[in-house]
Amino acid sequence: MEKKDLGFRLATGAFALVLILIVCAIGYELTAQSMQSIRQFGFEFWRTEIWDPVSGEFGALPFIWGTLYSSVLALAIATPIALGIAVFISELCPATLRQPLVFLTELLAAIPSIVYGLWGIFVLVPAVRALETAMPDALRQLPIFAGPPLGLGMLSAALVLAIMVIPFTSSVAREVLKSVPAAQREGAYALGATRFEAIRAALFYARTGIIGAVMLGFGRALGETMAVTMVIGNNPQVTTSLFAPQYTMAAVIANEFTEAADDLYLSALVEIGLVLFIITLIVNSLSRLLIWSMARSSVAVQTAEPAAAPIPGTA
Amino acid sequence: MTHTAFRKLLSSAFVVFCAASVLIALVPLAFILFFVVTQGMRAVNLDFFTHMPRPVGEAGGGMANSIVGTLIVTGLASLMAVPIGIVSGIYMSEYAGTRFASAARFAADTLNGVPSIVIGVFAYGVMVLPFKQFSAMAGGFALGVMMIPIIARTTEELLLLVPGSMREGALALGATRARAVFSVVLPAALPGIVTGVVLALARIAGETAPLLFTSFNNRFFTTKLNQPISTLTVQVFTYATGPYDDWHRQAWAGALVLVTIVLVCSLLARFATRRLERMHARS
Numbered sequence: 001m002e003k004k005d006l007g008f009r010l011a012t013g014a015f016a017l018v019l020i021l022i023v024c025a026i027g028y029e030l031t032a033q034s035m036q037s038i039r040q041f042g043f044e045f046w047r048t049e050i051w052d053p054v055s056g057e058f059g060a061l062p063f064i065w066g067t068l069y070s071s072v073l074a075l076a077i078a079t080p081i082a083l084g085i086a087v088f089i090s091e092l093c094p095a096t097l098r099q100p101l102v103f104l105t106e107l108l109a110a111i112p113s114i115v116y117g118l119w120g121i122f123v124l125v126p127a128v129r130a131l132e133t134a135m136p137d138a139l140r141q142l143p144i145f146a147g148p149p150l151g152l153g154m155l156s157a158a159l160v161l162a163i164m165v166i167p168f169t170s171s172v173a174r175e176v177l178k179s180v181p182a183a184q185r186e187g188a189y190a191l192g193a194t195r196f197e198a199i200r201a202a203l204f205y206a207r208t209g210i211i212g213a214v215m216l217g218f219g220r221a222l223g224e225t226m227a228v229t230m231v232i233g234n235n236p237q238v239t240t241s242l243f244a245p246q247y248t249m250a251a252v253i254a255n256e257f258t259e260a261a262d263d264l265y266l267s268a269l270v271e272i273g274l275v276l277f278i279i280t281l282i283v284n285s286l287s288r289l290l291i292w293s294m295a296r297s298s299v300a301v302q303t304a305e306p307a308a309a310p311i312p313g314t315a
Numbered sequence: 001m002t003h004t005a006f007r008k009l010l011s012s013a014f015v016v017f018c019a020a021s022v023l024i025a026l027v028p029l030a031f032i033l034f035f036v037v038t039q040g041m042r043a044v045n046l047d048f049f050t051h052m053p054r055p056v057g058e059a060g061g062g063m064a065n066s067i068v069g070t071l072i073v074t075g076l077a078s079l080m081a082v083p084i085g086i087v088s089g090i091y092m093s094e095y096a097g098t099r100f101a102s103a104a105r106f107a108a109d110t111l112n113g114v115p116s117i118v119i120g121v122f123a124y125g126v127m128v129l130p131f132k133q134f135s136a137m138a139g140g141f142a143l144g145v146m147m148i149p150i151i152a153r154t155t156e157e158l159l160l161l162v163p164g165s166m167r168e169g170a171l172a173l174g175a176t177r178a179r180a181v182f183s184v185v186l187p188a189a190l191p192g193i194v195t196g197v198v199l200a201l202a203r204i205a206g207e208t209a210p211l212l213f214t215s216f217n218n219r220f221f222t223t224k225l226n227q228p229i230s231t232l233t234v235q236v237f238t239y240a241t242g243p244y245d246d247w248h249r250q251a252w253a254g255a256l257v258l259v260t261i262v263l264v265c266s267l268l269a270r271f272a273t274r275r276l277e278r279m280h281a282r283s
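These protein sequences, in sequence, are chains V and H.
Residue numbers for the first sequence, in the working numbering: 1 to 315.
Residue numbers for the second sequence, in the working numbering: 1 to 283.
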């Protein structure tokens, strides 16, 4: 019988091995395909601002700039809203509303990226253009509002990304808040805290996990392709202007991969993909580490204390 | 204002902020669904499902080839991902404490976070470059790679929910581990796993980026697996970024079909999970 179980273990283990092999194969394949570009340009690739495939000049700085800028803007918009949703659903709202609200916010995550892009092109971009045109001239002098009001550009991309990131961050933050021991809030209420102060204490207790949730959203934003490609304007330039059309790493691969006529061009695009892979790998691993360490520490606390029922409607 | 009054005011403001956040997130959702439904309903008709695209610039026609293409590509993806996903999920739950299971779990989560466009580049290198040919197979491979970790993690979580006493009961009766898993544990978790597969399919069917340079696009009807093939998502992308009004109209229709698929699958899954939860509560 032992022997048979060993066979079962090896056979199922082989399938689990496939998962590990795929990750390794992605890393290997991307590195192998981008070797030509890595040899030719070295680190200069990431410091050069000019992307001109026709004359064979490849610099990826505008893409890394566009990716980071759009993701950071999206996070700045999405994080407070996502945390607000998580707090509302897990701490404030009546129990009957909880399930429907969870379903609706998760629906936001289920809508395909291409549908966001389509909506972005035909609804959001014209709205943003109107907003940009209505902006007073005094403000238009500022560098972050420089350039013609096209609609297509960084602002539209950041808004679409923010909407797409909210459900991810809020659902992880909700789980994290759920793992905060009731005693934390009870302690705060017992000391005379208002509702805000008690929730702030819970959020502070859960800070590691909350940071993990935000980073998870960051990882999503970095890799998002279709919706961003359709609204960011696809113009490789490094500028802080919110109105200017820019470009991201994922978008340039999506747009130019099938047009890449020579090997060096293709290799340069694959190198961008390789770096995107490495960045998201690091961000996601860090985020999981944070969420996981939070879950573990609070499990330890919960088992050490007797479970208590939450106190309704204090303060 | 006294300090206490200020604290109370701050607390109320915070509650209002949280409620407002929910509204802020639901407004875009309502907007997107509203536009997809109204614009899509105007464009969708029987022709959309049964006709081929007309030549460029001519109005009318449909996306019959893209619908079939999406079915073929997602079908190929499931053929690849369902067995690998479920069996590796079994390993991760049966040998949950082992270091190898942790490594596999880490790999699954990593794979889940890899941007879909990067999966596309990978599939291009493995499935397109060696054959010098875009193909439905390459598209299916790319989507399959995305589907594996989702199914593996769902299977693992659902198997861990099955009471340990069931597994132990089977083992105590002299069953081998394999027998216990396939005859007792897996059937108990099966409805949940099927739900998970349906949800994974819904997510995969909406993917565009991994298909752009694997299954590519095709103006003609084909079921050949070694040929480029049209899919709903790539076709919506082509139409949405194209110059013609009729293309835009069809893009909305395609979006409506995609959103309907997602919505129906999510509702079905929610219904199924509820029933499962009730069953668990009773036992």
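Hint data in this document are derived by calculation from the structure and do not stem from the laboratory.
Heads up, the beta-carbon is just placed ideally off N, CA and C, and yes, glycines get one too.
Hints are supplied without guarantee of correctness; some may be wrong.
Not everything, but these chain H residues come out facing chain V in the computed CB check (under 8 angstroms) [claimed, not checked]: (1) Leu29; (2) Ile117; (3) Gly164.
A few chain H residues that don't get close to chain V, going by computed Cβ distances all over 10 angstroms [as the list claims (entries may be wrong)]: (4) Ala13; (5) Phe17; (6) Ala107; (7) Arg177; (8) Phe221.
Broken hints, by number: When the structure is compared with the hints, numbers 3, 4, 5, 6 and 7 turn out to be violated.
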